[in-house]
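Engineer: Listed here are the chains, written in short residue letters.
2 protein chains.
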Amino acid sequence: MIVIAENLNVRNKAYMEAVKNQDKKTIESLSKTLADKGADIINVQCSLDGIGDEETLPLVADIVQEAAKLPLCLDSRNTEALKKTLTVCKEPPLINYLSQDEENTDEILSLVSRFKASLIIRALKGTVPTTLEAKLLILEDLIEKANAADIPNERLFADPSVVHIGGGIGQEHLLNTHECIIALNEMVDPPINTIAWISNISTGMPKGVKSRINSAFLCYLSGAGLDAAMVDVNDAEIMKTVYLIRSFRDEIVFSSADIL
Amino acid sequence: MIVIAENLNVRNKAYMEAVKNQDKKTIESLSKTLADKGADIINVQCSLDGIGDEETLPLVADIVQEAAKLPLCLDSRNTEALKKTLTVCKEPPLINYLSQDEENTDEILSLVSRFKASLIIRALKGTVPTTLEAKLLILEDLIEKANAADIPNERLFADPSVVHIGGGIGQEHLLNTHECIIALNEMVDPPINTIAWISNISTGMPKGVKSRINSAFLCYLSGAGLDAAMVDVNDAEIMKTVYLIRSFRDEIVFSSADIL
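If you read the protein sequences in the order shown, they are chains R and S.
So that you can map any letter, position 163 of the first sequence is 163 in UniProt numbering, and since no number is skipped, the others follow by simple counting.
So that you can map any letter, position 9 of the second sequence is 9 in UniProt numbering, and since no number is skipped, the others follow by simple counting.
These are computed hints drawn from the structure, not numbers from a lab.
Any given hint could turn out to be false.
Identical copies go unnamed one by one, so any copy, or any two together, can satisfy a pair.
[Said to hold, decoys possible] Computed list of lysine to aspartate or glutamate pairs in EDC-like fashion (alpha-carbon distance at most 16 Å, straight line):
1. K210 with E144
2. K24 with E103
3. K20 with D150
4. K210 with D150
5. K84 with D189
6. K83 with E140
7. K210 with E237
8. K69 with D189
9. K13 with E144
10. K240 with E179
11. K207 with D258
12. K25 with E80
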């Protein structure tokens, strides 16, 4: 189970304030905490729409990787920003993400290929499709395009796009998100990695239940074979859950003292 | 997800005292609580070795089914007791269990067949085998024998035998328990049900972590396709987890208020 810290995103006020003010110390401190809490990779987002990322992303990414000594996941829709940031990355990052909405697909693929980066491919085309078939069709198309650009499956992370459980057809989505993980593990050869942004399931839920829903869903998708999860690394409950999943998979030696 | 209450077992002192004293009121009250807490089926055990079950099991089973208005899971190694109890069961129960250790396999199978009961078949032969292959070999043999006795797969519940996470090769066991659920779902046709005694994973663990380990493991196996779980129905944490699994599977309509 690869743990990607979702924490450095636009909803994190302290972080965004620090990004705005180029407050290196705060970004360093936030990054170190994420490493201490057990992140394997840190996702770095500086805006939702990518505007201005060409200035902020390389700067922030550099501070984060220095402080945390971890690889990065670059969360931007701005290829100019990605290009600049890829040149400062000490090890090939994960690029978050390519969907069927991008107008610059070829450019993204060429960057990923050139820098030997990994790539999240998302089941997304305008909206998140409601059926398993539609999700798989998008992902298959993106795998094909990535392969054609010389990006092997081992560097691809397929994301079935988790939506929140509360809203209307949310549960139908969760059902086929789970099925999508299983189908990808069964059907794609050579094997592809699967990834999910776990916290999305509890968007809009009362604070008191978020952690429980996220933890249960992380275990549930892991049972289906999930390889990587974007989670709130500062949530102790989630990190205990990650510990348990790694124990169930016999990846670490379990001790009850570690989750007390 | 079928929830089987494990609670009426020999480790439950209040219950065993009531069994000993034929204290109908206490058994009724314990049973009603299990129904209220959300059990679908109640497991009834009166001894570990089956001695005396021919007296106690039919009596207790009758009290439990009357009070809880639920089907039963008869947990006894005593075929005489099973036979007597099957005649008082209002609906065909689940028989817990048949392994490769029984000397009276034919008798058990014939009872299950005659009373149209369901049957838990356990990956067990002396001890719990350490490899996936050994577990599957035992289960395949038991499926074959059950089918030959006219018990269709839809009335079989295969149990990979959960062992505790703490002890020596415990984690290797958990790994192949998970793989066993997946393999059974993929390989057996017509489909068989899968079942796990969840609490076994946390045997010997400190009280403060049992619930967390059990809940995580239940979600994890459910993600792999587990159909039924033997759990502590009085553990609110576990029942919230069951609620979430049913929500993820779109079997019920989710409301955050239900798990607050």
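Engineer: If a hint holds in the structure, say so; if it doesn't, say that too.
Structural biologist: Going down the list of hints, with the structure as the test:
Taking the shortest alpha-carbon separations for K210 and E144, neither the intra-copy value of 36 Å nor the inter-copy value of 45 Å comes in at or below 16 Å. In this assembly of identical chains, the alpha carbons of K24 and E103 never lie at most 16 Å apart, being 33 Å within a copy and 72 Å across copies at closest. Taking the shortest Cα distances, K20 and D150 never come within 16 Å of each other, neither inside one copy (37 Å) nor across copies (72 Å). Neither within a single protomer nor between protomers do K210 and D150 lie at most 16 Å apart by alpha-carbon distance, with minima of 39 Å and 47 Å respectively.
Taking CA atoms no more than 16 Å apart as the test, K84 paired with D189 passes in neither setting, with 33 Å inside one copy and 54 Å between copies. In this assembly of identical chains, the alpha carbons of K83 and E140 never lie at most 16 Å apart, being 26 Å within a copy and 55 Å across copies at closest. Within a single copy, K210 and E237 get their C-alpha atoms as close as 10 Å, and across copies as close as 14 Å, so both meet the 16 Å cut-off. Proximity of K69 to D189 under the C-alpha cut-off of 16 Å is found in neither arrangement, the shortest distances being 32 Å within a copy and 50 Å between copies.
In the homo-oligomer, the alpha carbons of K13 and E144 never lie at most 16 Å apart, since the shortest distance is 38 Å inside one protomer and 61 Å across protomers. Proximity of K240 and E179 under a CA criterion of 16 Å is satisfied in neither setting, with 25 Å inside one chain copy and 22 Å between copies. Proximity of K207 and D258 under a CA criterion of 16 Å is satisfied inter-copy only: 14 Å between copies versus 25 Å inside one chain copy. For a Cα distance limit of 16 Å, the shortest separation of K25 from E80 qualifies neither inside one copy, at 26 Å, nor across copies, at 75 Å.
Hints 1, 2, 3, 4, 5, 6, 8, 9, 10, 12, counting from the list given before, are not met by this structure.
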